[in-house]
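J.: Read off the chains here:
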Amino acid sequence: MNCLQIELIYLYLEKELSPSELKEIEEHLFACPKCREQVEERRLLLQAAETLPEFEVPPDFTKKVMSRIFPAKASFFGWRVILGTAFSFLFLSVILIFLALNKNLPNFLLSFILTLGNSVKNMAVIFVKFFKLASLFFKILFHFLGELSRMFSLLTTLISPEIVILVFVAAFILVLSSIYGIRSKFLAGEKL
Amino acid sequence: MDEDIKLVKKTLKGQKKAFEMIIRKYQRPLINYIGRMVGERELALDFSQEVFIKAYSSLHTFQPQYKFSTWLYKIASNYIIDYWRKKKVQHLSLDHYQEAENECLPLQIPDDEPSIVKKFELSQIREKIEKTLSMIPTQLRELFVWRHVNGLSYEEIAEIKGLPVGTVKNRVFQAKEMIRQSLEEKP
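Chains A and B supply the protein sequences, listed in that same order. Position 181 of the first sequence, counted from 1, bears residue number 181 in the working numbering, the numbering being contiguous throughout. Position 79 of the second sequence, counted from 1, bears residue number 79 in the working numbering, the numbering being contiguous throughout.
Isolated chain B, as found in the complex (with noise of 0.2 Å):
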């Protein structure tokens, strides 16, 4: 049996050390990925409390077949969604983006395409990337971020958002191909 599944029947018989297995086993993953659509550590740490607390006390109504990860990331993205709509913040939405930007994401390599990353070190890169992820819509940062900072499979985002694995690729696609573009753009 999976080694989740066996602490999640231990929590629910009552022993507490399962579940602090569980917290210790999924804390820096959640964290990292709430800190990179949130923007900022101390809420990620205090919403990851929250999601902990919301996953214990539903943990009844997990499923066995499937992945308690993907379980917990879908609580963690729902309370985001829900932060997002109570407190009205602003953040980009994928609506918006696909009328103004969709059509100006070639499929095919240009002739004249310049090397845009290859410009920069990694560390650069990287400090790039960190700013460029707020500015991208929200529903792409969030499969970008569990795809390549998580690195969860295609199929499991598409589990969690309950997308076809077709759409998630190409919107993870979009996301990479927004991302390498607006570095060129960043001074």
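Only chain A is shown next, with the shape it has when bound in the complex (with noise of 0.2 Å):
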């Protein structure tokens, strides 16, 4: 027999070849030293491929992937709890509040009633004012920065770097001066 194919080396190594085929490899290895050499080489080389080290899976890789296919939802026995403990407390308020006063009951819930009502509706209107004023602030906020941020870009079109840092700079000064100048005005006859 000739000496061995290297891919045959490997099928051997692998167990990958049939009992005859086996059997006359091993009686060419018997007898040849290069092929036995060859042999241990890439026997060498499989077992380092086959014990490279591992990469380190972290300990909370599952619940990582669990909660990404599985979103955590808040049970409908979670919201029961949360509104029965506030009914709980707002009735238990009611009923010390009532023995405090001495007063009718049923006169005594109406105008509770009525407060807790005016109340809300007052702070309706409160919180729609507030969001109607905090969304035309950002409208403004956002549209003077857009034109901030154009009249930006066109300077540095038209101007140089080195005198755009300039110009800041002189602006910077110019604010930081005006500042100054407000605060010595109002502070003007005070002890400082």
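If you are wondering where the hints come from, they were derived from the structure by calculation, not from laboratory data. Worth double-checking, as some hints may not be accurate.
[Stated by the list, open to error] Quick list of in silico lysine-lysine cross-link-like pairs, BS3-like style, CA-CA up to 27 Å:
1) A/K63 / B/K6
2) B/K6 / B/K25
3) B/K74 / B/K25
4) A/K63 / B/K25
5) A/K63 / B/K74
6) B/K86 / B/K9
7) A/K64 / B/K10
8) B/K87 / A/K64
9) A/K64 / B/K25
10) A/K64 / B/K74
11) B/K88 / A/K63
12) B/K54 / B/K88
13) B/K6 / B/K74
14) A/K63 / B/K10
15) A/K63 / B/K17
16) A/K15 / B/K161
17) B/K86 / A/K64
18) B/K88 / B/K131
19) B/K54 / B/K86
20) A/K63 / B/K9
21) A/K15 / B/K67
22) B/K54 / B/K17
23) B/K74 / A/K15
24) A/K34 / B/K118
25) B/K67 / B/K17
26) A/K34 / B/K119
27) B/K67 / A/K64
28) A/K64 / B/K9
29) A/K139 / A/K129
30) A/K64 / B/K16
31) A/K63 / B/K119
32) A/K64 / B/K6
33) B/K17 / A/K64
34) B/K10 / B/K67
35) B/K118 / A/K63
36) B/K118 / A/K15
Using the hints, put the two chains back together into the complex; each one sits in its own frame.
T.: Structure representation (structure tokens):
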């Protein structure tokens, strides 16, 4: 038998050969030190490849994947407990106030409900106004920032970067001195 | 019935715990396979998460006549290929390699064949293999990792890639000899 083909050496090492092929190769290896040497060479390579260090798996890996597949939902039972507790506290507070004031129960309950209704109505109006004002403020702010960035990009295309930096430094000094001037005017006559 | 098939069926019936068991079983081999393909642990962790999520969402398409592990590796392999394609990541293609290198790999042991591997300690060989893996064509690297890191059979690899077993054996052989030869070249 001729010397072994390299592919055959690998298949021999991986036990991928038929019993007859295996017998033939073992007989050859017994007689051929050159092939024995090459088998040992490849055996070492495979041994190293099969014992490469493993990538470390974080302990919370499974949990992370599961939480992405099944996002946590607040259970209906949980919500019922929160609402139940809130109503219990409200009811208990009403009873305590009623006992402390020592008034007629139907009249007291009626006035309580009316006061609560009015409070909710007033708060709702305040909230609506607040959100309207906030949205208007952000609209103006975004518009202002957009204009500012447009102005800045226009400035950089017209003037060289050194002059732009110079203009900004001058503007900064101007703003600082204005603030200092205003502050001095307001504090005139006061002891610092 | 195969344990994996049972877990898949339980998952499809709504038992979350069954899919958790699947993740626990395959997280390590999957991360090791992806890690060796992309070369970064953090990226491998992210990709493995995505592969498990993809596997869960298409679990109803899994056919029980195939092995679950090969199906999962197929998803992972496609995911990596898609990532490389989308990001236009440069990776060594087998086509480029075959023209230049294939003829250089000897089939027979040359008479003056020096001992390359035996010069090094086992730990040194491991280090060199890690470095060399990124330099061999991705198609060869993938098959090498499945065979010698993940311990899959040639038949399983052939099933994943849809290639004849003989082609898989030949490509894994090419990968091993390329790695062996590059051990000599590396300082």
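J.: Which hints from the list above does the structure break, by number from lowest to highest?
T.: 6, 11, 31 and 35
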